[in-house]
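Modelling step: build the complete structure from the supplied sequences, incorporating the hints.
Protein chains: 2
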Amino acid sequence: MKKYKNGEIWRFEKEEDPGTGTGSSVILGLDGGTTSTICVCMPLLPSSVPYHHLPDSLPVLARAVAGCSNHNSVGEPAARDTLEQVIAEALSKSGFSRSAVRAICLGVSGVNSPTDQERILTWLRDIFPFHVKLYVQNDAVAALASGTMGKLHGCVLISGTGCISYGFAEDGREARAAGVGPVLGDWGSGYGIAAQALTAVVKAHDGRGPQTMLTNSILHTLGLSSPDELIGWTYVDPSWARIAALVPEVVSCAEAGDQIANKILVDAVRELALSVKAVVQRLQLCGEDGNGSFPIVMVGGVLEANKSWDIGKEVINCILEEYPGACPVRPKVEPAVGAALLAWNFLMKEQGGNCHS
Amino acid sequence: MKKYKNGEIWRFEKEEDPGTGTGSSVILGLDGGTTSTICVCMPLLPSSVPYHHLPDSLPVLARAVAGCSNHNSVGEPAARDTLEQVIAEALSKSGFSRSAVRAICLGVSGVNSPTDQERILTWLRDIFPFHVKLYVQNDAVAALASGTMGKLHGCVLISGTGCISYGFAEDGREARAAGVGPVLGDWGSGYGIAAQALTAVVKAHDGRGPQTMLTNSILHTLGLSSPDELIGWTYVDPSWARIAALVPEVVSCAEAGDQIANKILVDAVRELALSVKAVVQRLQLCGEDGNGSFPIVMVGGVLEANKSWDIGKEVINCILEEYPGACPVRPKVEPAVGAALLAWNFLMKEQGGNCHS
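Residue numbers (the numbering used here), protein chains in the order written: chain G, 1 to 357; chain R, 1001 to 1357.
Hint data in this document are derived by calculation from the structure and do not stem from the laboratory.
Cross-link-like lysine to any residue pairs, in silico, SDA-like; alpha carbons within 25 Å at most:
#1 LYS307(G) / PRO331(G)
#2 LYS1093(R) / PRO1043(R)
#3 LYS1151(R) / GLU1350(R)
#4 LYS263(G) / ARG1270(R)
#5 LYS151(G) / LEU61(G)
#6 LYS1307(R) / GLU1321(R)
#7 LYS1133(R) / TYR1051(R)
#8 LYS1133(R) / THR1115(R)
#9 LYS93(G) / THR35(G)
#10 LYS1093(R) / HIS1131(R)
#11 LYS1313(R) / GLY209(G)
#12 LYS349(G) / SER48(G)
#13 LYS263(G) / GLY1209(R)
#14 LYS1151(R) / PRO1331(R)
#15 LYS133(G) / VAL60(G)
#16 LYS1263(R) / PRO210(G)
#17 LYS14(G) / GLY95(G)
#18 LYS307(G) / THR221(G)
#19 LYS1263(R) / VAL266(G)
#20 LYS1263(R) / ARG270(G)
#21 LYS307(G) / HIS220(G)
#22 LYS1313(R) / GLU1334(R)
#23 LYS133(G) / SER47(G)
#24 LYS263(G) / ASP1267(R)
#25 LYS263(G) / GLY1207(R)
#26 LYS1133(R) / GLY1095(R)
#27 LYS263(G) / PRO1210(R)
#28 LYS1263(R) / ASP267(G)
#29 LYS1263(R) / GLY209(G)
#30 LYS93(G) / SER36(G)
#31 LYS313(G) / GLY1209(R)
#32 LYS1263(R) / GLY207(G)
#33 LYS151(G) / GLY292(G)
#34 LYS1313(R) / GLY207(G)
#35 LYS1332(R) / GLU1314(R)
#36 LYS133(G) / ALA78(G)
#37 LYS1307(R) / VAL1266(R)
#38 LYS313(G) / GLY1207(R)
#39 LYS1151(R) / MET1348(R)
#40 LYS263(G) / VAL1266(R)
Structure (structure tokens):
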């Protein structure tokens, strides 16, 4: 993405066709994950026509993509620049200016406290006119909304590069588990799975562990000739996504019968199910009798069902054993659209509309 | 340490008293660990008076300390600068110039392959006159030599911020285990122990794990009010040493009866013993009957016996069960002196002296 100076990024607003967008309003939804940031622009529908009553796919006017906007990973100035640029690009593509925006909801990874929310709200307030409603959430909340069409109820489980479980009770109480990064033990994440696989390769090589198919598979994928070279490989670039990209090798080895790879996936399933159970338990999503129904929204590359060793399915089986009322949901829209639906719901709620129906 | 320009660092050599050190020779030993780099300057003793026959403490002429010189951690230019500066400072303090140096041995963490050795040898060759003998080893080799007074035989176990096990057979064969950094699973290190403790605190907080004394102990030590703040704390500064500094809290909680802290230490003991056993096994240090005698040199803060929950002692007990001939050694000199003794031994060997007696 181009680098702009001092507000130059918004210059398209002065150049826009005076006829474009006049009288219409839009909402923005943003999903800022560990790897990329996506912003969508959607038309503001009246409260009488909620988005989930639309017959077909949702009307996305424009979509823009940028890099990581997690301030923990890239630092505050870079996170702020990325957010501003991806928002400007989505608006510019849609042909609307900032004055047409009624509400914007950002779901950003790394938002873990009111302080984190306040910081981003301050950045946004500098950018947007005062009438624009601003909402900032953890990116898991946008992912939940992408599966529930904007309703904040149930639990989402994300496992991509990182992992997190996040839930809302009907009364608005919220809870989360995991989502704390590799240092603090997110072992169900893509990073966690791949790091365990790399560890198994090193242990097989230095005599601490049994031989495993992972050695040939991973060395071949990385173009390395010996496990000794893994040390240099891991330190030359500490990005979590680069390590998480090895998950398909672990799944393939497990499918081919490798016991070490299989155990790594079984452990990851247990960790992921545990994080969902902790949230369900704290919010009592299953009701007092334990059989209540609630959605479990499944998001992220690790949980996608494209292999015969299906991590997401195993996690769901593990959850269903304890909570038979859990209803697995695979979202039909992306988290950025979930964030836009949240913005609409929050806006309708503030205006006294029936946003949660 | 001051920053010098273009060789200015060596200006002290032109200013030295012409009488100082004339006719004498010195050797240099350097220990470059994950946290700091230490260089010592010692007089060159004749081969007829090996250092380990000296009655009292070894004659260290000068000692200099600098920061981390692991190129994996700080990058090549910074690692090179640190090495050059700490060597110059040790020489400057001793009153000798580079022309008086006969041999220098560097034990540097992050030296994991011939390529790593060659890189550092190239840097040193730029600095030192051609007659100076240069040796580059992993820092674990210098630590082993510090316990064996320069003889390369047996196994060293280091657990400080990082951990590694490194051994030599009498015939010169060498082997190592672990020492690969946190990503690749050095769970017996100070970093590994502390990261497990932080994970336990987060799991207790979000409902995934049992309550533990570690929560109050660690939050109090870090001046934080909630486990939620640990996420920001870990990402604000990714240095391993900062996390490893929490090991005393884990030991205190284990001593006070906390089961979670106890299990973390038991797991670390098992990992550390496993890394020693892998090296002993590969080198057959225990001889063919399994009862042969060999030194196990124990180095690093995690293995120091200053608590009633004594990690080092537990590791040794675990090793002795399998290899009764293992002889635990706590070095009386620091690894930098071990590196200097190695330099002397290598030099005597090249000159046909009896360096390994």
